[in-house]
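Take a look at the letters that make up each chain.
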Amino acid sequence: MAANAADVTSRAGSSEVLLKVEDVELRFGGVRALRGVSFEIRRGEIFSIIGPNGAGKSSMLNCINGFYHPTSGTITYKGQPRKAMRPYVTASQGVARTFQNIALFKGMSTLDNIMTGRHLKTKATLLENAFWFGRAKREEMEHRKFCEEIIDFLNLQHVRKTPVGTLPYGLQKRVELGRALAAEPELLLLDEPMAGMNLEEKQDMARFVLDVNDEFGMTICLIEHDMGVVMDLSDRIVVLDHGEMIGQGTPAEVSNDPKVIEAYLGVQEEGEA
Amino acid sequence: MIYRESGQFKKSYAADQAILPLRQDQVFLIGALLVAFLVIPMVASNYVMNALLLPFLIYALAAIGLNLLVGYCGQISLGTGGFMAVGAFAAWNLATRTELPMPVVFLLAGLITAGTGVLFGLPALRIKGFYLAVTTLAAQFFLIWLLQRPWFNNYSPTGVISAPEVNMFGWVVDSVTDRYYLALIILVVMALLAKNIVRSSTGRKWMAIRDMDVAAEIIGIRPMATKLKAFAVSSFFVGIAGVLWGFLYLGQLEAEAFNIYVSFDVLFMIIIGGLGSILGSILGAAFVVLVPIFLNVVPSAIGLPLSTAMISYVEIFIFGSLIIFFLIVEPHGMARLWSIIKQKLRLWPFPY
Amino acid sequence: MMFFFEVLIGGLMSGIMYALVALGFVLIFKASGVFNFAQAAMVLFAAMFIAGMHGDWGVPYWMAIPITILLMLGLAWIIERVVLRQLVNQEPIIMFMATIGIFFAIIGFAEIIWGSRSRTLDIGIPDQPLFIGDMLFQQYDIVTAIAVAVLVVLLLIFSQRTRMGRVLRAVADDHQAAQSVGIKLNTVWVVVWFVAGIVAVVAGIVWGGALGVQPVMVDVAFKALPVLLLGGLTSIPGAIIAGLIIGSGEALAEVYLGPIIGGGIDNWFAYIIAMAFMVWRPEGLFGEKIIERI
Amino acid sequence: MTTPFLKKAAMIGLGAAIGLGSVFAAQAQASEQYLPSLVYRTGPFAPSGIGFADGFADYVTLINERDGGINGVRIRLEECETAYANDRGVECYERLKDRGNGATVVAPLSTGITYAVIPRSRRDGIVLSTMGYGRADAAYGRVLDNVFMVPTTYWSSMTATLSYIAEQEGGWDNLRGKDIVHAFHDSAYGREPLAVLRHYAEEYGFTLHEMAISPPGVEQRSVWQQIRRINPDWVSLYGWGVMNPTAIRTAASMGIPRERMIGGIYAAQDDAVLPAGSAAVGYKAVTFHGPGADYPIYEDLQRYVYDAGLAAGDGDLTGTIAYNRGLINAGYIIEAWRQAQAEFGEGRPSTREETLWAWQQLQIPESRTEELGMGGLMPPVNITCENHEGDGRVLVQQWDGENWVQLTDWIDTNRELVEPMYRESAMRYAQEEGITPRECD
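Residue numbers (this note's numbering), protein chains in the order written: chain U, 5 to 277; chain Y, 7 to 358; chain G, 24 to 317; chain X, 319 to 759.
Fair warning: there could be bad hints in the mix.
When the alpha-carbon atoms are kept at most 30 Å apart in a straight line, the in silico DSSO-like pairs for lysine-lysine are as follows [as the list claims (entries may be wrong)]: (1) K201/Y - K110/U; (2) K165/U - K350/Y; (3) K127/U - K134/Y; (4) K348/Y - K125/U; (5) K348/Y - K149/U; (6) K149/U - K201/Y; (7) K348/Y - K165/U; (8) K263/U - K350/Y; (9) K165/U - K201/Y; (10) K127/U - K350/Y.
Calculated from the structure, these hints are not laboratory results.
Start from the sequences, fold in the hints, and give me the full structure.
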């Protein structure tokens with residue numbers, strides 16, 4: 005797992021912009037899920053997107069990895085502005101993600117799920133696979149070794165061969181992280197990795213996120229509801245509300261921004277008014 | 007504790023990823039192969055070889071093919087009969103119109119079927135689930151219609167054509183035993199290929215598409231290419247099964263005979279045998295071939311004379327019910343039952 | 024030109040016959056999301072019981088038909104108990120395969136009772152050529168078209184004006200929400216399969232009258248499926264309009280295209296139309312747009 | 319992965335075979351003549367298959383009950399259901415061929431099954447009796463010496479149909495300029511008579527319209543609209559299964575006169591007209607045997623079979639076309655055995671060689687059909703080494719709404735046309751298969 009070791013920088017991130025979102029707008033019929041959102045993610049940092057329910061956070065991630073196509077605006081990744089792109093193309097450029105509602109391959113084992121994450125690094129052809137010769141066999145061993153390291157890292161040894169559909173929720177989240185890591189991405193999108201977890205599981209997961217960022221230098225874009233976690237982990241934060249960006253900056257800046265406070269506590273204020 | 011795995015430690019990933027990691031399974035496989043290759047041809051009667059084992063071996067091959075598509079890649083197809091027909095007619099035309107050697111004819115027939123499969127798999131780009139299942143019926147109806155055009159049977163007055171002699175590298179496959187061996191060899195080899203494919207990165211991609219195609223695409227799997235590959239491989243298997251069906255089993259070809267109900271039969275095999283299991287495909291094929299024969303033999307043997315017609319009705323009813331039963335009780339079919347038996351043997355004689 | 028219109032109208036009439044079978048599919052899909060492959064088997068089942076009771080036991084039609092309708096209720100109840108209830112929350116594709124099982128189980132059961140002989144089912148629908156001006160019509164078609172129109176109107180009244188109809192629509196909109204306001208899904212399923220059963224009885228009478236009642240009747244399923252796809256799985260008007268499109272398209276193709284490419288093409292032509300259309304618009308003419316979520 | 323199950327399957331298969339063998343070994347008796355019957359009482363064509371199977375079985379029962387068998391050799395009939403499917407047919411053939419004291423003759427009842435069992439039957443030395451269906455060129459006896467097209471083929475019967483049409487029009491010359499439609503099952507079966515029709519169209523100057531109907535044929539409006547526009551003088555119908563009644567019904571609704579529709583030999587059964595109801599009144603068809611139940615044999619059937627409660631069916635199919643076909647097919651088979659016994663010794667079952675010999679010279683003159691109580695029902699047969707069909711004669715019948723009424727006597731077929739066609743096709747087959755045609759003198 006040393007592929008990106010060279011890029012390792014401090015937790016604060018470098019000044020190189022990995023992904024730039026400019027004035028992105030996303031419409032479904034009459035609904036405007038995102039309106040004019042702009043921000044930058046710098047290589048090596050942990051960047052968080054927060055906001056109340058329905059703020060458009062997941063839509064933003066979906067735009068970044070090509071599942072949705074912005075109605076207008078541009079997304080520049082590694083210096084190249086992207087037009088509409090299929091998700092698998094984005095993936096091949098080094099973007100991996102996890103999902104708010106777990107999207108594992110339920111019929112497959114933990115190991116196979118993580119191995120699937122390696123598929124972009126696989127070159128064996130169908131015929132090689134069928135005859136189990138040449139690259140097919142060699143790559144299988146190499147990837148297996150790599151995935152075992154991830155399994156060790158995430159403490160999943162005991163469920164290696166268990167079908168993931170039968171695993172408890174917390175472990176499934178971890179397997180999903182493993183699958184994303186297996187792709188050795190440059191940009192890792194985590195959509196509420198701690199949702200529905202108890203405190204202990206959250207601490208574990210936070211540890212993994214930090215380790216991934218520290219040890220492998222992966223850039224992370226995180227969506228999370230738990231403010232405590234976000235404030236602890238993030239280098240920078242962007243705040244969305246009703247599809248609009250209402251604040252941006254370091255955790256400290258954001259938590260003191262009156263617009264952000266209003267968005268989060270708006271209901272009460274209206275009630276008082 | 008017949009089925010013990012304790013004491014067997016995997017020292018390498020290669021050993022752990024072997025097709026049969028357990029020594030007992032390996033011994034069993036070798037034993038079974040010995041029986042299939044040496045014992046059965048000696049003891050099995052003509053009838054058993056000709057009317058049970060041959061169709062079973064060929065159906066097993068078709069079922070493996072369909073299972074690759076349905077069980078592994080999650081793309082349901084009701085066009086199996088049509089694809090078998092393509093294989094059979096492609097081989098017949100290649101064999102009678104060209105001088106190509108028979109092994110090449112078999113291979114080309116498989117490839118032509120694979121191409122046809124890809125063509126009819128194209129709607130999978132946009133269409134999913136049972137929508138796709140229904141559009142595969144288009145393949146079924148169109149292909150059978152097409153193959154009934156007189157050119158394909160070389161203007162045979164009855165439209166039924168006799169299969170040519172099968173000559174494999176100088177081996178003239180004529181007697182029942184010969185035909186059994188050829189079908190068996192092809193099945194064993196192709197089952198092995200199928201097993202290799204499903205345990206490889208290709209198989210994992212198929213299963214990823216099956217389990218959640220959206221997520222698969224997001225981790226970088228190209229859905230279209232992956233699905234089409236499944237259509238191609240599946241059709242290749244099914245096409246070869248069609249060739250064997252015409253050339254080895256029936257000795258004749260008739261497009262109408264590969265009708266929609268053949269497609270259903272093969273689908274039954276994989277549901278009953280186990281979706282997403284190579285072993286299951288083979289178990290299911292055996293089941294579907296044997297049940298009608300049992301129903302024909304057993305009632306009269308135990309003194310319950312049913313008319314032939316009634317037996318057929320009961321058979322239709324039983325198959326329908328079994329499909330429902332397996333889907334409800336054991337969606338992984340007989341293959342799962344087999345592994346449960348192994349599980350029990352592992353602990354035997356202790357209940358836990 | 025006259026001939027063209029005759030073919031067109033003939034095709035429209037065939038289309039109505041296909042739509043009649045497709046209607047049953049739509050009802051069940053709309054209310055429960057189950058793609059019911061067994062609809063055509065229910066048509067055969069109904070036709071066999073009506074024709075069998077009349078022909079073998081001498082039961083008059085006016086009794087045989089209500090008895091058969093009751094049987095359809097029983098069938099709906101059994102299917103709900105034995106199959107649907109067990110497969111709740113399974114993948115739609117598993118449900119689909121289960122209905123293939125139901126398809127064969129129903130046919131086998133009907134044949135165990137009635138055998139596979141061909142029977143006539145003639146409840147006295149007139150069937151003579153009828154000229155309006157120079158155009159040839161068939162009385163049977165006209166009666167059928169009226170029957171389908173009445174059926175559709177009744178279904179609309181049922182769905183818009185009765186309590187159960189509103190419940191069905193609520194369930195169609197949102198299963199969980201409907202459940203949370205106290206609608207029992209099990210009852211809803213029995214009702215909707217029963218209604219589809221009644222549609223099957225009408226289809227059985229019409230198709231049985233046209234073909235004679237014999238097991239091969241289930242092949243009309245293969246005529247109805249493309250209609251269903253083209254119309255969109257959830258729309259009753261969609262089924263009717265798609266039926267008209269497929270029926271007339273198929274007839275015109277048979278007449279003007281068939282001779283050129285050699286032979287009867289109507290077995291697959293409808294499928295190709297539906298397939299081509301779906302590649303462009305996967306949800307069909309009137310189906311609800313499929314929005315992918317993750 | 320694959321083979322544990324192979325073993326299990328083989329064991330089950332072996333078990334089944336052993337069980338099967340022992341069950342029937344006990345029943346087999348040396349003095350019985352074993353007769354397998356491949357039937358299709360189910361499947362899409364069951365309405366035809368049931369009648370045939372019943373007639374076939376009832377005739378065998380009659381011979382056993384009335385005569386005590388053939389010279390005391392009782393016949394043991396065993397049915398096997400094929401559902402008209404080729405693989406099932408092969409399984410039946412393989413399962414039944416060595417039962418009892420061995421099958422000597424099989425009637426496969428479907429062209430597809432016939433093709434599949436021809437090579438097998440040649441190896442086994444079993445006679446195939448295919449009435450009208452199967453390989454038309456088997457009528458040329460030099461190539462396939464064990465296959466018999468008794469009593470007619472699609473080709474011969476079509477020549478008779480055209481003779482009938484010519485006669486109705488007042489002579490062959492009057493066919494010039496006429497329009498004749500061949501509406502057919504879009505499969506090889508329906509196309510088979512086209513060769514004959516095209517030949518005649520050219521020779522006599524009528525216009526042949528080839529109208530394909532796609533199977534199964536549940537919806538035929540557009541086809542018949544086209545036919546109506548042609549306004550044909552005659553329509554030849556070659557449907558099968560549900561296609562026939564639907565064709566008749568649709569034709570009627572378009573106002574095409576049924577009197578001018580003539581069905582082929584497999585569009586001549588009761589299930590072609592009954593479901594069409596009153597629309598079928600006047601419809602004609604050619605058939606290779608007499609219609610109805612007005613033959614002496616039916617008195618015996620009544621007495622020894624129906625009244626004794628031994629009938630195979632529930633009685634309502636007696637006298638139908640399919641039933642009569644079952645009767646005469648069993649009749650031919652039993653007559654052949656009778657002749658084999660006469661040659662090789664009476665009172666013991668015939669072997670395969672003896673049965674083959676008997677079929678190869680099967681002679682059933684008109685007088686003999688009368689002795690059998692089937693005068694006018696069963697067409698006489700005259701087999702030679704070269705001719706495995708006989709005269710191929712057929713007659714025209716008409717549906718009156720209740721019954722088939724015989725309209726004509728036997729109509730001669732055009733041997734000069736069809737025999738060279740058989741020969742050419744058979745020789746080509748012989749060449750493909752490497753069969754040396756046997757010599758006939």
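Now the hints, each set against the structure:
no.	hint	result
1	K201/Y - K110/U	holds (20 Å)
2	K165/U - K350/Y	holds (19 Å)
3	K127/U - K134/Y	holds (28 Å)
4	K348/Y - K125/U	violated (36 Å)
5	K348/Y - K149/U	holds (29 Å)
6	K149/U - K201/Y	holds (22 Å)
7	K348/Y - K165/U	holds (17 Å)
8	K263/U - K350/Y	violated (64 Å)
9	K165/U - K201/Y	holds (18 Å)
10	K127/U - K350/Y	violated (40 Å)
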